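The chain contents come next:
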Amino acid sequence: MQPFEYMRPDDAAGAVALVAEYPGAQFLAGGTTELDLMLKDGVIEPERLVDITRLPLRGIARDGDVLRVGALTTMEELAADATVRGRLPFVHEALLAGASTQLRNMATIGGNLLQRTRCRYFRDAAVAACNKRAPGSGCAAVRGAARMHAILGASERCIALHASDLCVPLVALDAVVRIQGADGERSVPLTDFYIPAAADPSAENVLAHSDLITAVDLPLPPVAAHSGYLKVRDRVSYEFALTSAAVALRTEGATIAEARVALGGVGTIPWRAREAEQALTGAPVSLATFRAAAEAAIRDPFTVPGTAFKVELAKRTVVRMLRTLAPVPS
Amino acid sequence: MSVTEQRALLGAGIDRVDGPVKVTGAAPYPSDVRYPDMAHAALVGSTVAAGRVSQIDSAAARAQPGVLMVITHENAPTLRPGAAPPFAGPTPPALQDDRVHHYGQYVAVVVANTPQQAASAARLVSVSYEPDEPLLAIDDARGELLRDPWGFDSQRGDVAAGMAAAEVRLEARFTTSENTNNPLGLFSTVAAWDGDTVIVHDVTQFTSNVQASIAKAFELPESAVRVIVPYVGGGFGAGLRVWPHTLLTVLAARLLRRPVKTVLTRPQMFTGVGHRANTVQTVKLGAMRDGELTAIDHESLQTVAVNDDNVEPVASGSASSYACANASTRDLQRRLNIPVPGSMRAPGEAQGNFALECALDELSYELGIDPLQLRLRNYAEVQPASGLPWSSKAQRECFAVGAERFGWFGRNPEVGSMQERGWRVGYGLAGAAYGWWQARTEARVTVYGDGSAFVRSAATDIGTGTYTVMKQLSAELLGLELRQVRFDLGDSDMPYSTQSGGSGLTGALGNAINVACNGLIEKLLALVADDDDSPLQGCSLEDVVARDGGIYRREHGGGAGSDAGEGYGEILARHGVADLTVDGESVPPDPGQTGMALTGAFGAKFVEVRVDPDLGLLRVARVTSVIDGGRILNEKLARSQILGATVGGIGQAIFEETVTDPGTGRIANATFGDYLVAVNADVPELDVVFVGEPDRNTPIGTKGIGEVGLVGTAAAIANAVYHATGKRLRSLPITLDQLM
Chain A
1 MQPFEYMRPD
11 DAAGAVALVA
21 EYPGAQFLAG
31 GTTELDLMLK
41 DGVIEPERLV
51 DITRLPLRGI
61 ARDGDVLRVG
71 ALTTMEELAA
81 DATVRGRLPF
91 VHEALLAGAS
101 TQLRNMATIG
111 GNLLQRTRCR
121 YFRDAAVAAC
131 NKRAPGSGCA
141 AVRGAARMHA
151 ILGASERCIA
161 LHASDLCVPL
171 VALDAVVRIQ
181 GADGERSVPL
191 TDFYIPAAAD
201 PSAENVLAHS
211 DLITAVDLPL
221 PPVAAHSGYL
231 KVRDRVSYEF
241 ALTSAAVALR
251 TEGATIAEAR
261 VALGGVGTIP
271 WRAREAEQAL
281 TGAPVSLATF
291 RAAAEAAIRD
301 PFTVPGTAFK
311 VELAKRTVVR
321 MLRTLAPVPS
Chain B
1 MSVTEQRALL
11 GAGIDRVDGP
21 VKVTGAAPYP
31 SDVRYPDMAH
41 AALVGSTVAA
51 GRVSQIDSAA
61 ARAQPGVLMV
71 ITHENAPTLR
81 PGAAPPFAGP
91 TPPALQDDRV
101 HHYGQYVAVV
111 VANTPQQAAS
121 AARLVSVSYE
131 PDEPLLAIDD
141 ARGELLRDPW
151 GFDSQRGDVA
161 AGMAAAEVRL
171 EARFTTSENT
181 NNPLGLFSTV
191 AAWDGDTVIV
201 HDVTQFTSNV
211 QASIAKAFEL
221 PESAVRVIVP
231 YVGGGFGAGL
241 RVWPHTLLTV
251 LAARLLRRPV
261 KTVLTRPQMF
271 TGVGHRANTV
281 QTVKLGAMRD
291 GELTAIDHES
301 LQTVAVNDDN
311 VEPVASGSAS
321 SYACANASTR
331 DLQRRLNIPV
341 PGSMRAPGEA
351 QGNFALECAL
361 DELSYELGID
371 PLQLRLRNYA
381 EVQPASGLPW
391 SSKAQRECFA
401 VGAERFGWFG
411 RNPEVGSMQE
421 RGWRVGYGLA
431 GAAYGWWQAR
441 TEARVTVYGD
451 GSAFVRSAAT
461 DIGTGTYTVM
471 KQLSAELLGL
481 ELRQVRFDLG
491 DSDMPYSTQS
501 GGSGLTGALG
511 NAINVACNGL
521 IEKLLALVAD
531 DDDSPLQGCS
541 LEDVVARDGG
551 IYRREHGGGA
561 GSDAGEGYGE
571 ILARHGVADL
581 TVDGESVPPD
591 PGQTGMALTG
601 AFGAKFVEVR
611 VDPDLGLLRV
621 ARVTSVIDGG
631 RILNEKLARS
641 QILGATVGGI
651 GQAIFEETVT
661 DPGTGRIANA
671 TFGDYLVAVN
681 ADVPELDVVF
691 VGEPDRNTPI
701 GTKGIGEVGL
711 VGTAAAIANA
721 VYHATGKRLR
731 SLPITLDQLM
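Here the protein sequences come in this chain order: A and B. Position 19 of the first sequence, counted from 1, bears residue number 19 in the working numbering, the numbering being contiguous throughout. Position 737 of the second sequence, counted from 1, bears residue number 737 in the working numbering, the numbering being contiguous throughout.
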């Protein structure tokens with residue numbers, strides 16, 4: 001850990017200014033990613049930490065069919081929200097499937113969106129080849145021991161997984177990220193927020209250096225009321241997903257009227273599977289439809305020996321989640 | 001043994017005496033120790049697995065604020081090798097030359113005023129290497145192959161003839177992965193010199209060996225070295241060695257002339273304090289149609305470091321597991337550029353039992369015989385290798401009681417036949433044993449004028465309950481109440497103790513305390529031999545019992561209220577003695593004299609699993625463990641030992657795998673986020689029950705139960721998975737990609 005400057009401003013504009021004026025500055029919220037990377041792994045060395053935990057960005061407010069979630073709302077607070085429970089079951093389930101109670105009480109929603117990959121090649125400064133840490137240096141994970149790595153949005157250059165559970169239903173939901181930057185406020189759909197590693201391993205998202213997430217807007221579409229999140233992992237609790245699926249489904253009789261599908265555990269970004277949604281919409285509720293949707297969800301995966309099993313596992317995860325929401329005979 | 005008859009305080013599940021200080025955070029672990037003016041060290045690990053250090057530039061690190069010293073092989077003074085513990089060689093001292101033997105090997109020590117300064121500066125030490133191609137794979141023929149490395153290979157009868165005579169033959173290959181001990185407490189050392197003597201607070205399971213090693217390494221008399229560890233923070237075998245960080249901390253403190261503390265990082269815990277070696281094993285079995293085994297052949301190849309040794313017999317346990325006239329076991333080791341393997345809970349048996357008990361399960365299906373019946377059909381009534389009677393064995397009872405409690409015979413033996421709510425259900429079992437081990441140990445007992453007693457030994461309590469059971473045992477042996485006895489340990493200034501490991505300490509220390517307490521009573525009887533005022537005049541040890549705070553004549557019935565005896569305080573006061581101290585020493589029994597085999601613990605494991613074949617999910621639904629551990633000193637703590645070991649067994653079976661990067665030898669998952677151990681949600685209701693009698697080999701009658709609870713867990717799980725799915729998985733850990 002290198003020595004750093006610590007500041008704790010009172011308002012968002014001030015926080016943005018403190019980061020904007022200094023290239024070595026970073027925001028600090030719940031700290032569950034930032035402090036690990038600084039103190040334990042030593043792969044980031046900010047020279048200034050701007051602590052935003054005192055900013056008035058915490059809380060959940062309903063405005064018609066939108067739930068505005070302050071960036072400093074904790075995962076545990078959002079999971080306990082009655083509207084989330086009732087109208088967005090897959091968000092509620094994804095929150096509780098993530099981390100542990102202790103971490104969820106510290107970790108913020110804004111921070112969850114910005115969590116860094118768990119790739120141990122990224123998180124170990126002794127590994128020279130990491131295009132995410134050191135652009136152009138290569139990717140050690142591709143030839144290393146990969147398991148918790150991505151197969152979608154990945155390439156020879158980077159297979160680092162975006163490990164968030166929460167973001168999987170949020171991309172399915174078309175959540176919107178509200179951002180305060182040095183030049184004012186703007187909004188970006190979460191589906192446009194992330195940059196796949198295959199495009200640029202080091203970019204991660206569209207935020208500029210001093211951009212601050214102030215809130216995330218969660219729409220409350222009727223389809224989301226019938227939704228679920230299935231997380232598949234080696235142990236029952238306290239582990240990132242090998243594969244996961246967030247699905248919302250509205251049926252009319254024996255036909256699927258509307259579907260939302262997103263995948264976790266497989267993408268360098270939270271993976272919205274629009275092809276699967278297209279395969280489902282208007283199709284009969286059947287195992288064949290579900291399997292076709294799963295096939296459509298995983299197109300052109302990039303696998304290495306340790307991740308090859310995820311192609312089939314992810315498809316089965318989608319099918320299982322669909323069957324849970326719309327039971328069909330085997 | 002007159003004084004070991006009463007057992008009022010033993011067996012009962014009293015709470016652990018160190019519980020309150022542990023749960024309130026008051027227990028001082030070595031990492032909690034602080035000295036005024038204490039400096040902090042951070043270790044720099046090699047980032048290549050083989051070769052030599054061509055250049056070290058520490059100028060940038062030295063220039064950092066607070067940095068006091070950087071030690072490398074270029075400026076380190078000569079250190080001698082330390083002492084060898086029972087199951088390994090002496091740890092090679094670090095920083096003695098430019099050679100690199102494994103990834104993470106320490107190449108520099110940075111000492112600074114604060115731990116943050118040291119860690120920060122350590123990242124600035126620039127090391128250049130001339131790397132060699134590392135040997136990393138167990139099947140890499142370029143790595144030196146050691147055959148029968150410890151002389152434990154065994155041969156009886158004629159295995160070839162037994163195989164030829166068999167009506168059914170089976171051959172199967174098994175692999176087990178590297179596991180890392182991962183005690184929660186990070187290994188830590190604090191060294192404080194005073195002239196030519198040094199106090200070392202060290203995470204260790206074996207204070208006396210740390211003392212001897214530091215004395216040897218620094219060419220000091222042992223009397224100049226004191227090692228203190230009242231609370232360990234967990235070990236699981238990692239604390240049985242003296243690791244390089246301990247010697248380097250002592251060295252830094254000597255060079256700096258200030259106390260120095262080192263706390264390893266979690267990744268360093270994967271490269272610096274041992275791990276369970278991976279294995280490739282082949283088991284061949286021959287049997288008659290009625291289940292009689294005609295041949296057992298078990299060969300194991302495991303990995304070992306290029307620059308260190310590890311005694312870990314994997315195959316040899318199979319020689320004494322079942323009655324079979326023809327048996328051959330062979331252990332081999334391959335030297336590789338890997339971090340030094342060492343003991344990890346149930347070393348050897350954790351791997352070897354998995355192979356043998358899975359192979360037996362396969363054989364049972366080949367024969368169409370119930371797996372439990374097959375084991376009973378080949379039950380070893382005597383020690384198969386020596387032919388000597390066991391000093392105690394209740395494994396038949398383990399199987400019988402376990403089958404009853406678990407409901408074994410309620411299973412449908414047909415593979416894949418049991419289902420519940422979409423999950424496949426499987427039952428599996430395994431026999432378990434852990435070989436006997438013990439070593440010389442001493443204890444000292446002092447009785448005071450008020451009748452209270454202080455008992456101590458340089459042993460350690462690694463969380464197993466040594467503080468508690470030795471206090472109970474001492475009180476029992478002296479006829480005192482618990483509150484009248486203090487028991488202490490964890491200080492090499494106390495009488496010599498062997499390691500807390502190999503399931504050997506409870507027996508070794510318990511018997512030493514027994515000798516010491518008997519000796520104390522004999523000394524008191526000698527004191528009153530000419531004492532006309534003593535009702536004990538003329539008594540010998542056989543004539544008395546210890547109870548009610550003193551010594552009482554046996555022929556008066558020894559019941560409460562008998563006045564034919566007197567308290568310890570009365571005897572001491574009348575003879576003008578302030579206090580009386582006696583040492584006791586236990587030595588391992590000799591089968592040549594006892595005519596009995598040295599006999600460790602036995603067990604049986606019954607497991608139910610649930611498998612979701614579509615997603616590959618595997619859940620352990622319940623485990624019944626029945627254990628013959630000889631005399632159980634404290635059933636509550638003994639149960640905790642079996643519970644914890646079973647959890648470790650679940651980890652070995654389905655989660656734990658230390659992954660090495662193929663090209664570099666780096667550990668790819670050296671954090672608690674990436675190396676999976678079982679969490680609470682993975683652990684079902686665990687049923688534990690003890691059977692059997694006190695072991696006849698020693699007066700205390702314990703057999704040691706630290707390891708046996710892990711043994712058999714992985715095999716029973718794998719066997720249950722087969723029963724559920726028809727998939728015979730012979731490679732640990734069993735993960736969902738193998739099951740989907």
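The reader is advised that the hints may include incorrect statements.
[Said to hold, decoys possible] Heads up, incomplete: computed chain B residues facing chain A, CB under 10 Å, no partners named: (1) D148; (2) F152; (3) S154; (4) Q155; (5) A165; (6) L615; (7) T664; (8) L676; (9) L736; (10) M740.
Quick caveat, the hints were computed from the structure, so don't treat them as lab data. For clarity, every value in this text was computed on a predicted model and none was experimentally measured. Here a beta-carbon is modelled for each residue, glycine too, at the ideal position from N, C-alpha and C.
Quick rundown of the hints versus the structure:
1. D148: violated, 33 Å
2. F152: violated, 33 Å
3. S154: With a closest approach of 37 Å, the B/S154 hint is violated.
4. Q155: Violated - the Cβ of B/Q155 stays beyond 10 Å from chain A, reaching only about 39 Å at its closest.
5. A165: violated, 44 Å
6. L615: holds, 6 Å
7. T664: holds, 8 Å
8. L676: holds, 6 Å
9. L736: holds, 6 Å
10. M740: holds, 6 Å
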